[in-house]
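Participant: Model the full structure from these sequences, guided by the hints.
Quick note: the sequence shown, position 91, residue 97 per our numbering, numbers continuous.
Think of the hints as simulated: they come from the structure by calculation, not from any bench. Treat the hints with caution; some may be incorrect.
[Said to hold, decoys possible] Listed next, the in silico SDA-like pairs over lysine to any residue satisfying Cα-Cα at most 20 angstroms (straight line):
1. Lys251 x Leu344
2. Lys251 x Arg160
3. Lys251 x His174
4. Lys251 x Glu187
5. Lys251 x Ala335
6. Lys251 x Asp348
7. Lys251 x Glu261
8. Lys251 x Leu332
Quantities reported herein were computed from a predicted structural model and do not represent experimental measurements.
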Amino acid sequence: MLRATVAATLSYAVAERLSSQPAPLTAPLTTLLVVQVTLYSTLTTSARRVVSVVAGVVLAIGFSSVVGLSWWSLGLIILASLTLGQFIRVGEFVQEVAISAMLVLGVTQLASQAWDRVLETLIGAGVGLAFNVLFAPPVWVESAGESIEDLARRVRRLLLSLGEELDHPTSVERAAERLHEARRLDQHIAEVDAALRQAEDSLRLNPRISEPLLSRVVLRTGLDTLEICVVVVRVIARSLTDLAKRGSAGEPLFEPEIAAGLRDVLGHLGGALVSFGVLVTTQVSRDADGAEERLGAELRAAWASRDHVAELLLRQVRQHPLDWQLHGALLAEIDRILDELDLEHRSRRLMEELDRGGSLRRRRRTGLGRLRRLARGESPW
Numbered sequence: 007m008l009r010a011t012v013a014a015t016l017s018y019a020v021a022e023r024l025s026s027q028p029a030p031l032t033a034p035l036t037t038l039l040v041v042q043v044t045l046y047s048t049l050t051t052s053a054r055r056v057v058s059v060v061a062g063v064v065l066a067i068g069f070s071s072v073v074g075l076s077w078w079s080l081g082l083i084i085l086a087s088l089t090l091g092q093f094i095r096v097g098e099f100v101q102e103v104a105i106s107a108m109l110v111l112g113v114t115q116l117a118s119q120a121w122d123r124v125l126e127t128l129i130g131a132g133v134g135l136a137f138n139v140l141f142a143p144p145v146w147v148e149s150a151g152e153s154i155e156d157l158a159r160r161v162r163r164l165l166l167s168l169g170e171e172l173d174h175p176t177s178v179e180r181a182a183e184r185l186h187e188a189r190r191l192d193q194h195i196a197e198v199d200a201a202l203r204q205a206e207d208s209l210r211l212n213p214r215i216s217e218p219l220l221s222r223v224v225l226r227t228g229l230d231t232l233e234i235c236v237v238v239v240r241v242i243a244r245s246l247t248d249l250a251k252r253g254s255a256g257e258p259l260f261e262p263e264i265a266a267g268l269r270d271v272l273g274h275l276g277g278a279l280v281s282f283g284v285l286v287t288t289q290v291s292r293d294a295d296g297a298e299e300r301l302g303a304e305l306r307a308a309w310a311s312r313d314h315v316a317e318l319l320l321r322q323v324r325q326h327p328l329d330w331q332l333h334g335a336l337l338a339e340i341d342r343i344l345d346e347l348d349l350e351h352r353s354r355r356l357m358e359e360l361d362r363g364g365s366l367r368r369r370r371r372t373g374l375g376r377l378r379r380l381a382r383g384e385s386p387w
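Facilitator: Put into C-alpha cells, the structure is as follows:
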C-alpha cells in the first residue's frame, strides 16, 4: 500500500508540472492501476493501459470531426470503443477505451484535452514503471511454496483419515463424505495455482533472481505432480466408497491385517507427499537434501508395504472373487502415486521442462537477432 501511495503521489506532482489541466488525476489513477505486485505485471499492465487510452482518444477525435455529442453518437462511440478494445486485446482495459473516448468526446477544447489525457496516462505509466524498477517488488516464491506445502499436508490428512476407517464399520454416507472431501481439494489446487502464477510473474525480469527459469519450472512441475496425486486420491476415495456399497452393514471394509497394511501404505504416501512438497520448495526451505532423503525413505517403505498388501489382497480375492476389480484398482492407484513421486521420474521431468524452456528462449533470441540484422540492412540469415 505504501509503495502504491508514494508512486501515485509522485506521478500527480509530475503531471501538475507537465500537463495543462488543473487537476491531472488521470496520472495517479494510471499509476495505481499499473503498479502491480510484480515488475512483469507492471510492464504488461502499463502497455495495455496506454494502448487503450490512446485508442479511445484517437477514436473520439475521429468521431468529433464528423458528429457532435448526442445520445445516438454517444451510444455509437461506446459500441465502437468496446469493439476496438476487443480487437486490440487490451484485456481488462477494454472499458478504458470507451471511457477515454467518452471523456474526450464531451469536452469543448478537444485537441488539448485529448492529448493531455494521453500525456497524463503516459506519465502515470512511466512513473509506476520507474518506481518498480528502482524499488523492485517482492518475490512471491515463499508464499507460493507455503501454499504447495499446505496442499501436500491437506492430502496427507485425508489419506490418514481414510486409513483410520479401513478396519471399522463404514457406512456408505461416511465413505461418500470422504469422497466429497477429496473433491474439495480441487478448490485448494486453484488457490495454489493462483499463488504460483503470482510467484512466476515476480520471477520474470526480476534482478534478484539469477535463474528464474529453474525456479519457475521446479515450482510448476511440483504443483502438476501434486495435482495428479490429488486426482488419484479422489479415485481411491471413490473405490473405498464403492467397497462400502458392496459390503454388508456393520462390517469393516477389510480384514484387520489388510486394513493395517493399507493404513501403513497410506501413511507412508502422506509422508512422501509432504516431503515432496518441501523438496520442490527447496529454495524457500533450504532443506533439499533432508527432504530428498525423507522422500526416498517414505517411498521405499510405501513400496514394501504395498507389496505386502498385494499378497494379502490376492489371498482375499481367492476367497471373494467379486471384489478383485476394486482391490486391483486400489493397488493401481497406489502405484500411480508412487510412480509420480519417484525421484528419477521427477528428475527426468525437470530436465525435459528445462530443455523445452531453454529451446524456446534460444528461438526467441534467434528471432530477435534476425530482426536486428534486418534493421541494420544485413542479411537476417
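Participant: With reference to the structure, classify each hint as holding or not holding.
Facilitator: Hints versus structure:
no., hint, in the structure
1, Lys251 x Leu344, "violated, 27 angstroms"
2, Lys251 x Arg160, "violated, 26 angstroms"
3, Lys251 x His174, "holds, 14 angstroms"
4, Lys251 x Glu187, "holds, 18 angstroms"
5, Lys251 x Ala335, "holds, 16 angstroms"
6, Lys251 x Asp348, "violated, 33 angstroms"
7, Lys251 x Glu261, "holds, 16 angstroms"
8, Lys251 x Leu332, "holds, 12 angstroms"
Hint compliance for this structure: hints 1, 2, 6 are not met, and every other hint is.
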